[in-house]
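Visitor: Let's have the full structure, built from the sequences with the hints guiding it.
Heads up: the protein sequence lines correspond to chains A and B, in order. Under UniProt numbering, the letters of the first sequence match residues 1 to 260, in that order. Under UniProt numbering, the letters of the second sequence match residues 1 to 237, in that order.
Please note that the accuracy of each hint is not assured.
Claimed, not checked - Pair by pair, the computed Cβ-Cβ distance ranges are:
#: 1; chain 1: B; residue 1: T175; chain 2: A; residue 2: L2; range: 36 to 44 Å
#: 2; chain 1: B; residue 1: T127; chain 2: A; residue 2: G252; range: 33 to 41 Å
#: 3; chain 1: A; residue 1: L104; chain 2: B; residue 2: P160; range: 46 to 54 Å
#: 4; chain 1: B; residue 1: Q188; chain 2: A; residue 2: L161; range: 18 to 26 Å
Unchecked claim - Each computed DSS-like pair below joins lysine-lysine, with the alpha-carbon atoms no more than 30 Å apart:
#: 5; chain 1: B; residue 1: K68; chain 2: A; residue 2: K3
#: 6; chain 1: B; residue 1: K123; chain 2: A; residue 2: K3
#: 7; chain 1: A; residue 1: K3; chain 2: B; residue 2: K124
Please keep in mind that the hints were generated in silico from the structure rather than gathered at the bench. Glycine residues also receive a C-beta, built at the ideal position from the N, C-alpha and C atoms.
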Amino acid sequence: MLKILKYSFYDLIRSRWSYVYFLFYLALGFVLLFLNNDVSKAVITLMNVIIVLIPLIGTIFGVMYYYNSREFTELLLAQPINRRSIFMGQYFGVAGSLTMSLVLGLGIPFVLYGLLRSNAIFDFSLLLVTGAFLTFIFVGLSFVIAISNENKIKGFGYAVLLWLFLAVVYDGLFLMSLIVFEEYPLDTFSLVATALNPIDLSRILILLKLDISALLGYTGAIFKKFFGTDLGFLVSMAILLLWTVLPILGLGHKAKRKDF
Amino acid sequence: MTIEIEDLHKKFGKNQVLKGVDLTIDEGHIYAILGPNGSGKTTLIKSILGMVIPNKGQIMVLEKPIKKDWKYRKQINYLPQIANFPPNIKVKELIHMIKDLRNSVADETELITLFGLEPFLNKKLSTLSGGTKQKVNIVLTFMFDSPLIILDEPTTGLDPKALIRLKELIQKEKTQGKTILITSHIMQFVEEVADEIVYLLEGEIYFKGNIEKLLKQTEQTNFEHAIATITNIGSHA
Numbered sequence: 001m002l003k004i005l006k007y008s009f010y011d012l013i014r015s016r017w018s019y020v021y022f023l024f025y026l027a028l029g030f031v032l033l034f035l036n037n038d039v040s041k042a043v044i045t046l047m048n049v050i051i052v053l054i055p056l057i058g059t060i061f062g063v064m065y066y067y068n069s070r071e072f073t074e075l076l077l078a079q080p081i082n083r084r085s086i087f088m089g090q091y092f093g094v095a096g097s098l099t100m101s102l103v104l105g106l107g108i109p110f111v112l113y114g115l116l117r118s119n120a121i122f123d124f125s126l127l128l129v130t131g132a133f134l135t136f137i138f139v140g141l142s143f144v145i146a147i148s149n150e151n152k153i154k155g156f157g158y159a160v161l162l163w164l165f166l167a168v169v170y171d172g173l174f175l176m177s178l179i180v181f182e183e184y185p186l187d188t189f190s191l192v193a194t195a196l197n198p199i200d201l202s203r204i205l206i207l208l209k210l211d212i213s214a215l216l217g218y219t220g221a222i223f224k225k226f227f228g229t230d231l232g233f234l235v236s237m238a239i240l241l242l243w244t245v246l247p248i249l250g251l252g253h254k255a256k257r258k259d260f
Numbered sequence: 001m002t003i004e005i006e007d008l009h010k011k012f013g014k015n016q017v018l019k020g021v022d023l024t025i026d027e028g029h030i031y032a033i034l035g036p037n038g039s040g041k042t043t044l045i046k047s048i049l050g051m052v053i054p055n056k057g058q059i060m061v062l063e064k065p066i067k068k069d070w071k072y073r074k075q076i077n078y079l080p081q082i083a084n085f086p087p088n089i090k091v092k093e094l095i096h097m098i099k100d101l102r103n104s105v106a107d108e109t110e111l112i113t114l115f116g117l118e119p120f121l122n123k124k125l126s127t128l129s130g131g132t133k134q135k136v137n138i139v140l141t142f143m144f145d146s147p148l149i150i151l152d153e154p155t156t157g158l159d160p161k162a163l164i165r166l167k168e169l170i171q172k173e174k175t176q177g178k179t180i181l182i183t184s185h186i187m188q189f190v191e192e193v194a195d196e197i198v199y200l201l202e203g204e205i206y207f208k209g210n211i212e213k214l215l216k217q218t219e220q221t222n223f224e225h226a227i228a229t230i231t232n233i234g235s236h237a
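Guide: See below:
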């Protein structure tokens with residue numbers, strides 16, 4: 001598997017899109033820091049951008065990579081290599097190279113700005129960690145979608161729909177249900193509903209670490225009570241991890257049964 | 001016996017592609033798997049390679065069942081039908097990579113000279129023409145020393161010179177006692193290289209035997225015509 005990972009990774013970091021992605025974050029980091037002049041505020045703005053963008057890029061990249069490397073995958077399948085290793089290697093190659101673009105692209109401007117001496121280092125690391133999680137989750141989901149659909153258009157469609165659902169529609173439904181059922185106690189419901197969506201979960205995690213939860217009112221207090229504690233933090237990380245592992249297992253399961 | 005296939009069935013959705021194929025491939029011969037488009041040739045080959053998972057039936061390669069195994073593929077050199085490689089890597093790197101992935105000894109220098117690929121070694125695969133890609137494909141297939149060689153449409157895009165080289169290469173491998181499976185639509189090529197013909201029709205083996213037997217059964221003198229009229233002989237092999 002490591003060999004496949006190595007080659008997928010090399011192939012990707014040499015492609016134009018990885019540079020574009022890297023340069024985008026680099027530019028974003030520099031612009032935000034020097035316009036804001038405040039690391040904490042830059043982290044919040046960054047969060048708003050990457051919480052939506054990372055899943056989108058992860059989804060599109062994952063689907064594109066899978067379909068583009070189809071023939072090469074077939075060549076690999078005829079080699080004495082375990083099927084699982086082929087797909088796992090490709091998956092970690094894509095997710096790894098995207099994560100690297102993210103970490104380097106945002107890390108360089110922040111380090112240059114003097115992050116290591118500021119106390120926002122923890123917030124910033126949390127941002128990168130959740131960003132990495134989101135990358136792995138959405139690349140994994142898109143691989144599962146792509147391997148389940150021979151038709152590229154369909155695969156693309158489903159992948160983008162999934163992103164749209166988790167990034168936009170889910171919040172809408174969530175808000176609507178809060179309004180419809182406003183007469184009932186919704187504390188537990190909103191906690192669970194947030195935890196079920198990796199994008200929302202990441203957002204809440206970062207927001208709470210930034211100590212602006214006071215702005216969120218009563219609900220914010222409940223969230224703070226849960227996610228703000230060490231236990232809540234561990235539970236959220238565990239859920240993110242579960243979100244990462246499930247698509248990987250799904251991918252392994254699909255890969256074993258598929259005809260090429 | 002190199003390959004033994006028993007009662008192989010494969011269905012893609014509602015489309016029953018293989019309907020109980022029984023086939024024995026003996027060591028040291030060149031087999032041509034022929035049949036009209038959609039007769040199941042590629043599915044059969046891919047089943048042997050473990051790329052397609054059969055619904056029913058058993059395949060043994062070198063006396064071992066292949067189900068849930070992948071190490072047996074070390075004994076097989078496979079030339080896929082469409083050569084499409086990662087676009088961002090160079091020819092040299094691709095050769096190196098396949099060698100690394102297979103983890104076995106390979107001798108590619110002679111083959112590279114044979115097909116005149118030296119000027120392309122440092123070029124990216126996306127810049128190569130179809131025929132050159134096919135030559136790279138051939139080098140990748142023949143550089144390993146394995147007892148079983150499977151070639152899916154090996155002649156695609158080759159110029160006459162390369163085609164002659166390919167035929168020589170196939171004969172050389174045969175003299176080393178290797179078993180070779182070929183699919184092709186170029187009958188002249190098949191006639192020149194193949195010892196045995198396996199004719200698939202609608203997912204079943206319709207004819208198996210050598211060219212003389214085929215000519216006799218179809219009462220033709222020309223191999224190409226014999227294949228074209230093969231479905232007129234009422235008997236199954």
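Visitor: Now look at each hint and say whether the structure bears it out.
Guide: Here is how each hint holds up against the structure:
no.	hint	in the structure
1	T175(B) with L2(A): 36 to 44 Å	holds, 38 Å
2	T127(B) with G252(A): 33 to 41 Å	holds, 35 Å
3	L104(A) with P160(B): 46 to 54 Å	holds, 51 Å
4	Q188(B) with L161(A): 18 to 26 Å	violated, 51 Å
5	K68(B) with K3(A)	holds, 21 Å
6	K123(B) with K3(A)	holds, 22 Å
7	K3(A) with K124(B)	holds, 20 Å
Consistency with the previously given hints fails for number 4 only.
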